[in-house]
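Colleague: What follows is each chain in one-letter form.
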Amino acid sequence: MSNSSQCSADPAACAMIDACHETGVNLIWDRVATMMPQCRYGVQGICCRICTMGPCRINPAGKNKVGICGATADTIAARNLVRMIAAGTAAHSDHGRGVAHTLLMAAEGKGDYKIRDEVKLRGLARELGVVEKGKPVLEVAKGVALAVSAQYGQQEGEVVFALRAPADQLKRWRENGVVPRGMDREVVDIMHRTTMGVDSEFHSILHQGVRTALADGWSGSMIATEISDVLFGTPDPIRSRVNLGVLDAKMVNILVHGHEPLLSEMIVIACQDAELIALAKSKGATGINLAGICCTANEILMRHGVPVAGNFLHQELAVATGVVDAMIVDVQCVMPGLGDLGTTFHTKFISTSKMAHFATTEHIQFEESSALESAKKIVRAGIENYPNRKGRAMVPDVRSDMVAGFTAENIATFLGGKYRATYRPLNDAVMSGRFRGAVAVVGCNNPKQCQDAGHVAIIKELLRNDVIVIATGCAAIAAAKVGLLTPEAAEEWGGEGIREVCSTVGIPPVLHMGACVDISRVLMVATNIVKEGGLGTSIVDLPVAGVAPEWMSEKAVAIGFYVIASGIYTVLGSPLPIEGGPGVLDYLTNGIEKVFGGKFAFESDPIKSARLMIDHIDAKRKALGLPPAMYAPKGEAGAREAVAV
Amino acid sequence: MSKIIASGVMRGTQQIVGEAEKFWERARQDKGEGQKVEFPETAFYLPMACALMGLEVKTIGEMKPVLAEARSLVRKVPSDKVWLPYLGDALDCGIATLLAEEVIAVLRYLYKEEPQKGCEGFFSDTQMRQLGIQLVDGRMPGFAAILGAAPDTETAVAIVRECQKRSLLVFAGASSNGKSIVDQLAEANVETGWDNYIVPFGRDTISTIFPLNWAIRSALTFGGISKGNAKQCLLYCKDRVFAFALALGEVDDLKYATAAGAIDMGFPVIADTHIPEIKPTGICTYEHVVTEFDYKKIVPRAVEVRGVKVKVAEIDIPVSYAAAFEGERVRKEDMHVQFGSKFSKGVEFLKTLEADAVEDARTEVFGPDIDTVKEGGAIDLAIVIEVAGRKMRADFEGILERQIHRYLNHAMGVMHTAQRDQIWVRVSKDALKSGFRLKHMGTILHAMLHEEYGGIVDKVQVKIYTDPAKVAAVLAEATPVFAARDSRVAGMTDESTDTFYSCTLCQSFAPNHVCMITPERLGLCGAYNWLDGQASYEIKPTGHNQPVKKGRAIDEKAGEWEGVNEFVYTHSNRSVSRFSAYSMMQNVMTSCGCFEVIVGIIPEANGVMAVNREYAGDTPIGMRFSTLAGSVGGGAQTPGFIGVGRLYLSSKKFISAEGGLKRLVWLPKALKDANRAKLDERAKEFGIPGFVDMIGDETIATDAESLLKHLEKVGHPALTMDPLV
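Chains A and B, in that order, give the protein sequences. Using numbering that gives the first Met the number 0, read the first sequence as starting at 0 and increasing by one per residue. Using numbering that gives the first Met the number 0, read the second sequence as starting at 0 and increasing by one per residue.
No lab work stands behind these hints, which were simulated from the structure alone. No false leads were mixed into what you were given.
Label pairs and their computed distance ranges (CB to CB):
id, chain 1, residue 1, chain 2, residue 2, range
1, B, 572, A, 135, 35 to 41 Å
2, A, 618, B, 230, 33 to 39 Å
3, A, 138, B, 572, 35 to 41 Å
4, B, 20, A, 618, 54 to 60 Å
5, B, 569, A, 532, 21 to 27 Å
6, B, 702, A, 532, 52 to 58 Å
7, A, 202, B, 569, 44 to 50 Å
8, B, 541, A, 487, 51 to 57 Å
9, A, 268, B, 572, 48 to 54 Å
10, B, 572, A, 532, 16 to 22 Å
In this text, a Cβ means the ideal position worked out from N, Cα and C, and glycines have one as well.
Isolated chain A (complex conformation) (with noise of 0.2 Å):
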């Protein structure tokens, strides 16, 4: 294993790191190292394992031109890239399924579930068809139930949230044939168009790609987003803590860790739960310190302020702290490694899912009609282990403040107020140049990346260069770790348009707007600033980026493909496996911009990465007929700077 600093750029990790080596703890770097070097057909895309014709694989300078089927590089590449699309966009989607039916059993009066966001309720109601003028709100709650329900397997027409697209991006996909009908239908499709003998035109292939990809973010992402927001509350500007320094060694620590917050939600109850707390105290410890991993932590940071223990690279070292008692998973990005470490550490994994069991944890099955029950069963199990810590606790001293819970819909309110609720004074601040423009820095973390690095550079180089960043997932947790999410870090890192809005707005200089799942709130965010008026008529016009330094998942590859479909040019940090398909690669980094208005590239040096978002939001300006941004970065000639008032 590599030295420490080359693994993370986190203090926190990099002392968890270190200290593991040194007891012989087996991590993910170790994993990595000695899974090098990968398959180079894998990496490129133009391995085929599709029917067992195969394995075949591609060798463009070789004599295996083409499959033994016949298949090119470029249908092996556009397949195997839109599958991987497939997987993700099931995955958000089926996370809105079960939110959707949640949902359902609340309008039922079954479980522990109410309505917290009646008017955004209604809202969705009238947006789908469904009656609610007059109607109570249960009634209301299930017709919107059993409508964003509907949606999973409708088999034709058009998908209802795709509609709020502006109308300028729609026009191209109907064009284009590209419209999602449902999220089901959509990944079905992917998955039979791939198999053996259908189809075999990788543009065909890549728009099937394009429309399954819609579906996830302009649909079931949307879904899980609006329908989390129902039951658990729209999030507003919160404060909390980041890094492993949020666990308290004197405290039961409870870890949530996953992507839903149907459970954690009732933890958060749970942990709360009196008789809990007197349990805890019982076996010694001062009470019940709740924290997550990932992206469940997002869900109930966001709405609750409930501290982050770290993103995806510190589900093992948060263990190895040997002071968590209970990590509770569900679904996506648990590492099945995970449960090694419970023989290392006393850690209780507990698997919640139906969906995600593990040869090694424990599972208590989370039953959505007893769900506070399940909540506290969890918990108490946690709890019951906290007198079996072994050995020496090691939680490194390190966290930072953050603020998040910042929502398309919030924006509004936090910028005008109750009675002004506006984008206005974000677009005035694109269009006057002192936001030169805005990106989203998303995704994951990628061992085969130095945790955190990339993320950090890019978005320290944005704000630079006065560009406001919005962070969902993993990235927004990185961001939080080195104090990013701070409404000071405007002052230390911005460029002098950043302070200025930023200290009218009372804001941080990146906006963290919540899972990855939430990218959907980007989408919205984009669509009402176009809806704002001043940044031309599309998504297309705006001066935005998005950017993926650390992705790894087949969820990240989903979200690419409906933001640059959504017209949005997006930089990943490594590139897609599709390098081996010359024609797959062209045109997704060339020609499909022509046809949605996004593009991808790809560039592992932040700041490169950062340059290239940038001069293509200084295009953008430009074709707006925009001023080019008012002030110059921040620390070269000619940039003004802050002056204490």
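The hints should help you fit chain B onto chain A, whose structure is shown.
Modeller: Just chain B now, with coordinates in the frame of chain A:
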């Protein structure tokens, strides 16, 4: 919002909401919840609460939800570190402050603590409407609220003069360090009042609510925005009411809180002290808070920040020139010389000549100039304007001639009243001392005619006569021309033309209102008749006055035509589909809010009354002008009530669909007397010579019952006409 300001706003809001609650509780205990509360002469109750919350607060008890809303908007001061977004919260606090200040202000009225000495206090609806007219016709480009106190009296006066120079209406009030701009202006003997464009409203920050709840009413009146539609009302103020605040002296928490409310209305703050600037835009059109320490620059800076469009005609004369001086009187003791009225002969006359007979910009003075006249004296005066232009027509002469009144009045130290051979002109001692001479009248008239009527006049020369013989000659030439003009205008009938003129000038205020000007029904503001419409169209073919072909008649009696309906429908944003020119009962004309007179039915008398804006007393239908105006304006059709120009009363087409002038059963005495000659003439035409005296007025009756008795006694014809309703 900088954090320092946001913190001030939140502290100020906590303080003022608490104060309002305490005052309210005291009033409740003193007077009970049923006690009536009201501002004088308004139909909008507590205007801010009415506009933003849709409430019609009439009693102490009914103020509860206002205070509850204010309380709910109170926010904690942002934390020292890791603060949460504060801009939206601070703006909401601003609204809470305005609501609280309004509660306090109306309670002060209850306790007779307002208006403060030498101050206007609450601005009545009538004043609001009058300002509205000036806003739409561009005489008044914006409003400056000067708050606090300048470092010295001289600076205070200088700032106010800078505002006047730009025709900005000044609202002066509040204090800083125990000193108020109100008293500074008084010390300097600056003439204040609506006519002088300087209105002191009160000496404390709380009274700033008066200009603000005046502004919000314009959204309801002119914008036609329904009460409770808060965001639209606030945006209306941002987009249409060009106001800003000049904060002079220290800005304390309450001022910050009040400023936050003003900012939510789109009104920026320009301060002369070191406070944090808020430059990013979005709630206001441009910057929200800026500082300017140079008093010479502070007004221009404010004009720029608010985006006020000031049209300063550069006129090379030795005195200040601006619309703000229009209402200025030259008092006898300040006067150097006067012309006309009962003191000497005076006449003004505009005529068209061939192009080669006019030398543009030439001004000649025949006879002694004003510096030769003994102080306080009077001499004869004839002002002759000779114009030439390819598009000039004899029809336009009277219209252009009538502008002389306004043009001369805008010069500081020059007073002009009336028209034709009735003029009365004074020039002040100060103006003379500054170097003002008769030739400067020519400079003004030449410049302004080109400025405003450049589309039709190509050349303008001015001859000014003071030699009595020459003045007499001008009079002799002009008198028959005046008579001919009268007969030309008076002779025009609606039937004699197939074209009317629209007026949508007021759509900047009342977006759905369309005025239809016919030869026999002038614009409801009284300022635009059919010829003006025609002239205006000639001057600017894409302007607010468009020719409207009548088209096929649908109902001759009611005055409804296809072409007119189509135009009105299209130009009222498809909100008015039918329009009758001569009826006040069906498909009536809408009003912007600028009407001179409101005509309304008195069902008990089977007739109508007419009430003019200047009349503040009671009417037989139990509503005063200001209350009536609230429901008639804003571009909505209100059958039974119309807004009209006063000359329409004596038109043959005056509600002719309902029987015409014979329906008129009541009007204020002053209006009756002013229009008596014309009304008498009409009465003779329909054969009831003593008719005008049958009409009731406030000396006879101010309620329907006694009016009816009077009408029966005099045998008023309305009583025997067909039922009106």
